[in-house]
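My request is simple: use the sequences and hints to build the entire structure.
Protein sequence lines correspond, in order, to chains B and C.
Residue 1 is where the first sequence starts when you use UniProt numbering, and the numbers rise one by one after that.
Residue 1 is where the second sequence starts when you use UniProt numbering, and the numbers rise one by one after that.
Bear in mind the hints are in silico, worked out from the structure with no lab data behind them.
Here a beta-carbon is modelled for each residue, glycine too, at the ideal position from N, C-alpha and C.
Keep in mind that the hints are not guaranteed to be accurate.
As the list claims (entries may be wrong) - Residues from chain B shown here face chain C by an in silico Cβ test under 10 Å; the list is partial:
no., residue
1, Ala166
2, Arg182
3, Val273
Stated by the list, open to error - Cβ-Cβ distance ranges computed for the label pairs, FRET-style:
no., chain 1, residue 1, chain 2, residue 2, range
4, B, Ala145, C, Ser60, 53 to 59 Å
5, B, Gly99, C, Glu186, 53 to 59 Å
6, B, Ala275, C, Glu186, 48 to 54 Å
7, B, Val269, C, Gly123, 39 to 45 Å
8, C, Ser60, B, Pro90, 43 to 49 Å
9, C, Gly119, B, Arg207, 42 to 48 Å
10, C, Glu8, B, Arg183, 48 to 54 Å
11, C, Ala215, B, Ala275, 53 to 59 Å
12, B, Gly265, C, Pro108, 52 to 58 Å
As the list claims (entries may be wrong) - Stretches of chain B that chain C covers, calculated by requiring three or more beta carbons in the stretch to come under 8 Å of a beta carbon on chain C:
no., segment
13, 88 to 97
14, 155 to 164
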Amino acid sequence: MSAFLTYLLNGLAVGCAIALIASGLVVIHRVTGVVNFAQGTFAVVAGLCASSLLGLGLPHGASELAAVLAAAVAGLLTGLAAVGRPGTTPLSSLIVTLGVGVLAYAVEIVLWGDQPRSAPGLAGSVTVAGARIQTQHLLVIAVTAVAFAALALFFGRTYLGKALTACASNPYAARVVGIDVRRMGLLAFALGGLLGGLAGVLVTPMRPISFDSDVTLIVNGFAAAVFGALTRPVITLAGALLLGVAETMAAGYGYGSHQLEIALGLMLVVMIVQAGRRPAISQEPT
Amino acid sequence: MTPAPVVEVTDLVVAYGAATALDRVTLSVAEGEMVALLGPNGAGKSTLANALAGLLRPASGTVTVRGRLALIPEGRQLFPDLSVADNLALGGWRSGVRDPSAVYDVLPRLAELADRRAGVLSGGEQQMVAFGRALMSRPDVLVVDELSLGLAPNVTAGLARHLAELNRARGLAVLLIEQNARLAFELCRRAYVLESGRLVTEGESAALAGDPRVAGAYLGGAIT
Numbered sequence: 001m002s003a004f005l006t007y008l009l010n011g012l013a014v015g016c017a018i019a020l021i022a023s024g025l026v027v028i029h030r031v032t033g034v035v036n037f038a039q040g041t042f043a044v045v046a047g048l049c050a051s052s053l054l055g056l057g058l059p060h061g062a063s064e065l066a067a068v069l070a071a072a073v074a075g076l077l078t079g080l081a082a083v084g085r086p087g088t089t090p091l092s093s094l095i096v097t098l099g100v101g102v103l104a105y106a107v108e109i110v111l112w113g114d115q116p117r118s119a120p121g122l123a124g125s126v127t128v129a130g131a132r133i134q135t136q137h138l139l140v141i142a143v144t145a146v147a148f149a150a151l152a153l154f155f156g157r158t159y160l161g162k163a164l165t166a167c168a169s170n171p172y173a174a175r176v177v178g179i180d181v182r183r184m185g186l187l188a189f190a191l192g193g194l195l196g197g198l199a200g201v202l203v204t205p206m207r208p209i210s211f212d213s214d215v216t217l218i219v220n221g222f223a224a225a226v227f228g229a230l231t232r233p234v235i236t237l238a239g240a241l242l243l244g245v246a247e248t249m250a251a252g253y254g255y256g257s258h259q260l261e262i263a264l265g266l267m268l269v270v271m272i273v274q275a276g277r278r279p280a281i282s283q284e285p286t
Numbered sequence: 001m002t003p004a005p006v007v008e009v010t011d012l013v014v015a016y017g018a019a020t021a022l023d024r025v026t027l028s029v030a031e032g033e034m035v036a037l038l039g040p041n042g043a044g045k046s047t048l049a050n051a052l053a054g055l056l057r058p059a060s061g062t063v064t065v066r067g068r069l070a071l072i073p074e075g076r077q078l079f080p081d082l083s084v085a086d087n088l089a090l091g092g093w094r095s096g097v098r099d100p101s102a103v104y105d106v107l108p109r110l111a112e113l114a115d116r117r118a119g120v121l122s123g124g125e126q127q128m129v130a131f132g133r134a135l136m137s138r139p140d141v142l143v144v145d146e147l148s149l150g151l152a153p154n155v156t157a158g159l160a161r162h163l164a165e166l167n168r169a170r171g172l173a174v175l176l177i178e179q180n181a182r183l184a185f186e187l188c189r190r191a192y193v194l195e196s197g198r199l200v201t202e203g204e205s206a207a208l209a210g211d212p213r214v215a216g217a218y219l220g221g222a223i224t
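What follows is the structure, given as structure tokens:
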């Protein structure tokens, strides 16, 4: 029983990291209509930056913050490439983000090499009802909770957040009232980079990260984001937690080498169900 | 003596690729004036509206707007997922006005609808939101693209009354782009007729209404 609880709690932490990746996908898709395949890259960039900065002797906190900001800049640059030119269709932008992801491999290998890197996180563990959970996992859960609450407040309550939603809701009307849709798209990409970066610095102490870790991250994140139809953050969070728990359970009970396949399988099931309900990720007219 | 124009369009050419949507269009709207622009579907009316709002780049010619111009686009074009209050607040993006109470004074019905999602409203209510959203930018001139489209006559008449009242009380200049010539002539003293991207005629509404060609094309078949 305590093993089950341990897997459940660890699974929730893994799910939270997935949720952060997925939330970046959702934010970018909501505002620009683009599915950003470079989302995992932002996490990798942040993770590698954090490990380097900590290695250089920078203190915790400052290192992670700088790494997250670096990911936000990576997001902005990706945005410039993907939606910077007016009139780019979401489908063309999607291909651009794929290209950015591949280009990032080259840059990351030049800067950090091809070996996995880790970074120290919060040490120690806590025992909850007989189940042992690492303090780092608790941190991941706490940061994710704060990030989702902040996102909900930002999009639901602030003027800028509503303007971002407006761009997704009706880009033409957004231009009619004077909103610079292109600039809002770039802002969404920077925000997506920030969320991806947050996931990256939190995950790196849990599992070493290398240039190609983005594949695992994006597959999981995409599965969760599709669960939320790429637009609904709360359902995305639920999907991510489900996915994280399912994968951790699978690993815990002896199917550790099939984690990615489980994510892919779940994603397929979700996509088939979604497609049957409504065209969730069909091309929206813009 | 005519007051200074708030909108001045000179030899405007707008092209979509090889197709010319507007061909050397010249028109003006004076301060506090209500002017109609008539024309059939595909004449280039909405293209002109978008060019006036700065959403389309002219191939040649000039568009000069003195003061602030707001557009009520064809088909309302609201933010369907946002509330009426949020739709209005975003209308104040340019002016910095966030509080819609001044618009509620003009269109009290919107205050009752404030918390409803714009996407679930009736056509007439949506047009009223689009109207209110445009007013939020504190415009000097309002371009209305198809006020009456898809609306019941009494709903159109209500909105037209609001428009005339704003024009009278606040000197709001209006360019009313319409297929409904009867409504346009009733509201506006002066009108232009656009066909296939070119202005074919212009003049006082009364004179145009009496022009057999205009009456045949826009009054004969366009009674709504």
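Structure-based check of each hint:
1. Interface restraint check: alanine 166/B against chain C, minimum CB-CB distance 5 Å, threshold 10 Å, status holds.
2. Using the Cβ-Cβ criterion of 10 Å, the hint placing arginine 182/B at the interface with chain C is not satisfied: the shortest such distance is roughly 13 Å.
3. Taking 10 Å as the C-beta contact cut-off toward chain C, the hint placing valine 273/B at the interface is violated, the least distance being around 23 Å.
4. Under the hint 53 to 59 Å, the C-beta atoms of alanine 145/B and serine 60/C, about 57 Å apart, fit the expected range.
5. Roughly 57 Å separates the CB atoms of glycine 99/B and glutamate 186/C, a value that falls within the hinted 53 to 59 Å.
6. A C-beta distance of roughly 51 Å is found between alanine 275/B and glutamate 186/C, which places it inside the suggested range of 48 to 54 Å.
7. For the hinted restraint 39 to 45 Å between valine 269/B and glycine 123/C, the CB-CB distance of approximately 40 Å keeps it satisfied.
8. In this structure the supplied range 43 to 49 Å is violated for serine 60/C paired with proline 90/B, their Cβ-Cβ distance being about 32 Å.
9. Separation of glycine 119/C from arginine 207/B is about 43 Å and conforms to the stated range, judged on CB atoms against 42 to 48 Å.
10. Separation of glutamate 8/C from arginine 183/B is about 29 Å and departs from the stated range, judged on CB atoms against 48 to 54 Å.
11. For alanine 215/C paired with alanine 275/B, a C-beta distance near 54 Å keeps the hint of 53 to 59 Å intact.
12. At roughly 56 Å, the beta carbons of glycine 265/B and proline 108/C sit within the given window of 52 to 58 Å.
13. Given a C-beta distance limit of less than 8 Å, the hint that chain C covers the segment 88 to 97 of chain B is violated, as 0 residues qualify and 3 are needed.
14. Interface restraint, the segment 155 to 164 of chain B with chain C: holds (3 residues with C-beta to C-beta distance below 8 Å; minimum three).
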